[in-house]
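Chemist: Using the sequences provided together with the hints, build the complete structure.
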Amino acid sequence: RKEVEQDPGPFNVPEGATVAFNCTYSNSASQSFFWYRQDCRKEPKLLMSVYSSGNEDGRFTAQLNRASQYISLLIRDSKLSDSATYLCVVNPNTDKLIFGTGTRLQVFP
Amino acid sequence: DGGITQSPKYLFRKEGQNVTLSCEQNLNHDAMYWYRQDPGQGLRLIYYSQIVNDFQKGDIAEGYSVSREKKESFPLTVTSAQKNPTAFYLCASNQVGSGNTIYFGEGSWLTVV
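In order, the protein sequence lines correspond to chains E and R. Numbering of the first sequence is given in our numbering, commencing with residue 176 and proceeding in unit increments. Numbering of the second sequence is given in our numbering, commencing with residue 8 and proceeding in unit increments.
What the hints contain is simulated information worked out from the structure, not anything from laboratory work. Misleading hints may appear alongside valid ones.
[Claimed, not checked] Derived pair list, reagent style DSSO-like, types lysine-lysine, alpha-carbon separation capped at 30 Å:
{"hint": "1", "chain 1": "E", "residue 1": "Lys220", "chain 2": "R", "residue 2": "Lys16"}
{"hint": "2", "chain 1": "R", "residue 1": "Lys78", "chain 2": "E", "residue 2": "Lys217"}
{"hint": "3", "chain 1": "R", "residue 1": "Lys64", "chain 2": "E", "residue 2": "Lys220"}
{"hint": "4", "chain 1": "R", "residue 1": "Lys64", "chain 2": "E", "residue 2": "Lys217"}
{"hint": "5", "chain 1": "E", "residue 1": "Lys217", "chain 2": "R", "residue 2": "Lys90"}
Just so it is clear, the structure is predicted and the values come from calculations on it, not from any experiment.
Modeler: Below, the structure written as structure tokens:
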């Protein structure tokens, strides 16, 4: 089993739709979690950290489920500009972060 | 502006040549990393350093070398021993410790011709 797994997609959704991605991790000792956004041929950029209590930033909501070892990202009211690859990042309580391979989102008009 | 600067952005290398990618950060971060990303794939860790004059191999260190003589600088050399070096290379940094966000440079595209 991979340390961090994501559905590669693509998720093709119309503008205004709500879309959710999950990311599973294998190390139960993992302490911190992040979602990054990566545009085509660009560097990943932090979208949001994921806290145990869940957190929301505008149209984006991230949640952590420790019992089932997954994190989720919910995007409401999708915009064309949300089209990107979303990377799940996990810190398994070591000195290295583990990156998922990303989930590609394509929002169409 | 604070951030991570990588250069060059695009680089072409002939087979058999060594090339060095520069990475400089002014965020005063202790830890620096080099990742490689191939088309449609995730990031793979090449080398990382948590303190000056010390670095560790990542998952795909063969054919690469690094140095960390200064806190702000972490250059990566792609040697001729790296058999398939064409890729997107990303330098990153963060403060050591769990929960500390990692920040990336804009990346360097290396193509072997």
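Chemist: Now tell me, hint by hint, if it's right for this structure.
Modeler: So, going through the hints one by one against the coordinates:
no. : hint               : result
1   : E:Lys220 - R:Lys16 : holds (17 Å)
2   : R:Lys78 - E:Lys217 : holds (25 Å)
3   : R:Lys64 - E:Lys220 : holds (24 Å)
4   : R:Lys64 - E:Lys217 : holds (25 Å)
5   : E:Lys217 - R:Lys90 : holds (24 Å)
When each numbered hint is compared with the structure, no violation occurs for any of them.
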